[in-house]
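Asks: Full structure from sequences and hints, please.
Line by line, the protein sequences are chains A and B.
Going by the working numbering, the first residue of the first sequence is number 1, and it counts up by one from there.
Going by the working numbering, the first residue of the second sequence is number 1, and it counts up by one from there.
Keep in mind that the hints are not guaranteed to be accurate.
The list that follows gives simulated cross-link-like pairs (lysine to aspartate or glutamate, DMTMM-like), each with its CA atoms no further than 20 Å apart [what the hints assert, rightly or not]:
| no. | chain 1 | residue 1 | chain 2 | residue 2 |
| --- | --- | --- | --- | --- |
| 1 | A | Lys75 | B | Glu166 |
| 2 | A | Lys83 | B | Asp183 |
| 3 | B | Lys298 | A | Asp153 |
| 4 | A | Lys124 | B | Asp183 |
| 5 | A | Lys75 | B | Asp183 |
| 6 | A | Lys166 | B | Glu163 |
| 7 | A | Lys124 | B | Glu163 |
| 8 | A | Lys166 | B | Glu166 |
| 9 | A | Lys124 | B | Asp275 |
It is worth saying that the hints were derived from the structure and are not from the lab.
Here the structure is a predicted model, which is why all the values come from computation and not from measurement.
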Amino acid sequence: MENNSAKDDKDKETGSAPAIDEACNSCEGSGKCNGGFGEEGRFTRAEFVRTAVGGVAVLWGGMTLYPVYSYLNPKGQSDKATKVESVEVCKSTEMPKGTGRNFRFGSTPAVLIHTADGQFHAFKAICTHLGCTVQFRDDKQLIWCACHGGTYDPASGKNIAGPPPKPLTPLKVAVVDDKVVVSA
Amino acid sequence: MVGDTQKHKSGGLMGFLEERLSLTELRHLAEKKKVPVHSQSVWYYLGGIAAILFMIMVSSGVLLMVYYVPEIQAAHASILKINSGVDFGWFFRSMHSWGANILIMVVMAHLFSTFFMKAYRGPRELTWLTGLVLMVVCLAFGFTGYLLPWDTVSFFATKIGIEVAEKTPLIGPIVAHLLRGGDAIGQSTISRFFVIHVALLPICLLALGGLHVFFVQVHGISEPSKFKLQDEAKKMYEKFFPDFFFKDILVWILAVNVLFVLVTLMPWGIGPEADPFAAAPAGIKPEWYFLAPFQFLKLVPPMVGPIEGELFGMGLLGLVGLGFVLVPFFDTGKSKTRSMIATIFGVAVLLGLIGFSVWGALS
Numbered sequence: 001m002e003n004n005s006a007k008d009d010k011d012k013e014t015g016s017a018p019a020i021d022e023a024c025n026s027c028e029g030s031g032k033c034n035g036g037f038g039e040e041g042r043f044t045r046a047e048f049v050r051t052a053v054g055g056v057a058v059l060w061g062g063m064t065l066y067p068v069y070s071y072l073n074p075k076g077q078s079d080k081a082t083k084v085e086s087v088e089v090c091k092s093t094e095m096p097k098g099t100g101r102n103f104r105f106g107s108t109p110a111v112l113i114h115t116a117d118g119q120f121h122a123f124k125a126i127c128t129h130l131g132c133t134v135q136f137r138d139d140k141q142l143i144w145c146a147c148h149g150g151t152y153d154p155a156s157g158k159n160i161a162g163p164p165p166k167p168l169t170p171l172k173v174a175v176v177d178d179k180v181v182v183s184a
Numbered sequence: 001m002v003g004d005t006q007k008h009k010s011g012g013l014m015g016f017l018e019e020r021l022s023l024t025e026l027r028h029l030a031e032k033k034k035v036p037v038h039s040q041s042v043w044y045y046l047g048g049i050a051a052i053l054f055m056i057m058v059s060s061g062v063l064l065m066v067y068y069v070p071e072i073q074a075a076h077a078s079i080l081k082i083n084s085g086v087d088f089g090w091f092f093r094s095m096h097s098w099g100a101n102i103l104i105m106v107v108m109a110h111l112f113s114t115f116f117m118k119a120y121r122g123p124r125e126l127t128w129l130t131g132l133v134l135m136v137v138c139l140a141f142g143f144t145g146y147l148l149p150w151d152t153v154s155f156f157a158t159k160i161g162i163e164v165a166e167k168t169p170l171i172g173p174i175v176a177h178l179l180r181g182g183d184a185i186g187q188s189t190i191s192r193f194f195v196i197h198v199a200l201l202p203i204c205l206l207a208l209g210g211l212h213v214f215f216v217q218v219h220g221i222s223e224p225s226k227f228k229l230q231d232e233a234k235k236m237y238e239k240f241f242p243d244f245f246f247k248d249i250l251v252w253i254l255a256v257n258v259l260f261v262l263v264t265l266m267p268w269g270i271g272p273e274a275d276p277f278a279a280a281p282a283g284i285k286p287e288w289y290f291l292a293p294f295q296f297l298k299l300v301p302p303m304v305g306p307i308e309g310e311l312f313g314m315g316l317l318g319l320v321g322l323g324f325v326l327v328p329f330f331d332t333g334k335s336k337t338r339s340m341i342a343t344i345f346g347v348a349v350l351l352g353l354i355g356f357s358v359w360g361a362l363s
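Replies: Listed below in structure tokens is the structure:
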């Protein structure tokens, strides 16, 4: 700072014009600073360089972040590998009326229920609240989620109590040659 | 100064260090630093306890990394091996798990004590804000570390946590996808959580922790307003070094002993291995520090007007967080009414936190 004022004094003495940056420093505290713009509000060289450096920094940041984002963003090939159309869950005689069981449907957990009226129903076992895996409760004859206590109707999959906002996603069920086959 | 250097030139190791590090100057600086002595001084020790616990977490974490395998088929087995097949494995793993829980408890107590002592007021706004982010980092440590043993509870806790994040408007789905490493929790999630837990978060914590301590050094230790308003003659202070420092060490030893007692008497176990296709087991609950939001989200109805209940609940929790962020700018110490409102807000949040946690634990 002292050096700057000394140089300013020297400039006054010699009558030479200070360089652009020095001109910016010299108006410190005088309340007349125009933010690096020229007298007629034009871009000064210093302002241009500052803007250019900032712009290049933002561009460079974006150019760096995009590959990082792409690298971290999975492409979901594993889902294609495990996608299924139908699954043979069990023999119909293995499931008495009023019982249910969880099974794997491709990459998704699913639940099969044999209701008291003799019908089979299947749903994706993902709770529509926060994604926990639901189960059929024999004692209550309801589909139930242990995480936040949401319940669903075992015949329709409709959300009937607790926080779930939507019904469960239904799956098709067919009994073929005494085997229970579930399909999407 | 020249004389000092001359004096220490023949002083062996201390002289060697003095010449290069100006230890005397550092000691004078530490002696100059003063700690206010009053009825609430006890809360000043919490930051130090958090720091020593963090060091224990780093040491035990490094040791666990020697045997832990972040692979879906091997993760659970490797923790079982650490717990029962490696000498003192149970000890270091329990130290890490218990240490994490105590650390979060201490950080929460630190946060609320500074809140009620109004230490967030200017010029300490940045100290408060870095502290808040550090709290979030600690919770993120807990969340990411929880999945790594790959047991049933950890699997569902992660599933719920990521689903909650996914509900955030706009960025939620992208963040959830990046965190999971796909559409379902699996190997990619373990790998990502492992990297976040052992590399990313420690860097964040060290940087922010350093900044936090730096701000404390810049502004000095905060004094409660009652103490500040006393006559200068009546105010009592003690030197940071050696008086407070040695008491600090004593408290660290006590904290570490409490940790050792818990580790030895109640070693941390591990649940059955996670099965992504099995139903969530009855009675499943998150760690105690996530119990309050867990219980709160249970109560929110499916729809609140046109808004999905989950989003509404998260919005309310977000507002509480925002309250903590904005409090230094709302209660600057100039208005008694504002100060009172801030205190009532803090008491309400604390009571809500305790109430919902106890409710969640008992239900």
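Asks: Within 20 Å, alpha carbon to alpha carbon, are Lys298(B) and Asp153(A)?
Replies: 19 Å, holds
Asks: Given the hint that Lys75(A) pairs with Glu166(B), test it: the Cα-Cα distance must not exceed 20 Å.
Replies: 18 Å, holds
Asks: Given the hint that Lys124(A) pairs with Glu163(B), does the C-alpha gap stay at or below 20 Å?
Replies: 16 Å, holds
Asks: Holds or violated: Lys124(A) and Asp183(B), Cα atoms, limit 20 Å.
Replies: The hint holds at about 15 Å.
Asks: Are Lys75(A) and Asp183(B) close enough, with their CA atoms no more than 20 Å apart?
Replies: 10 Å, holds
Asks: Is the straight-line distance between the alpha-carbon of Lys124(A) and that of Asp275(B) 20 Å or less?
Replies: Judged against 20 Å, a Cα distance of about 16 Å means the pair holds.
Asks: Are the Cα atoms of Lys166(A) and Glu163(B) separated by 20 Å or less?
Replies: 15 Å, holds
Asks: Would you check the hint for Lys166(A) and Glu166(B), treating anything up to 20 Å between C-alpha atoms as holding?
Replies: 16 Å, holds
Asks: Are Lys83(A) and Asp183(B) close enough, with their CA atoms no more than 20 Å apart?
Replies: 13 Å, holds
Violation of the numbered hints given earlier is absent; every hint is satisfied by the structure.
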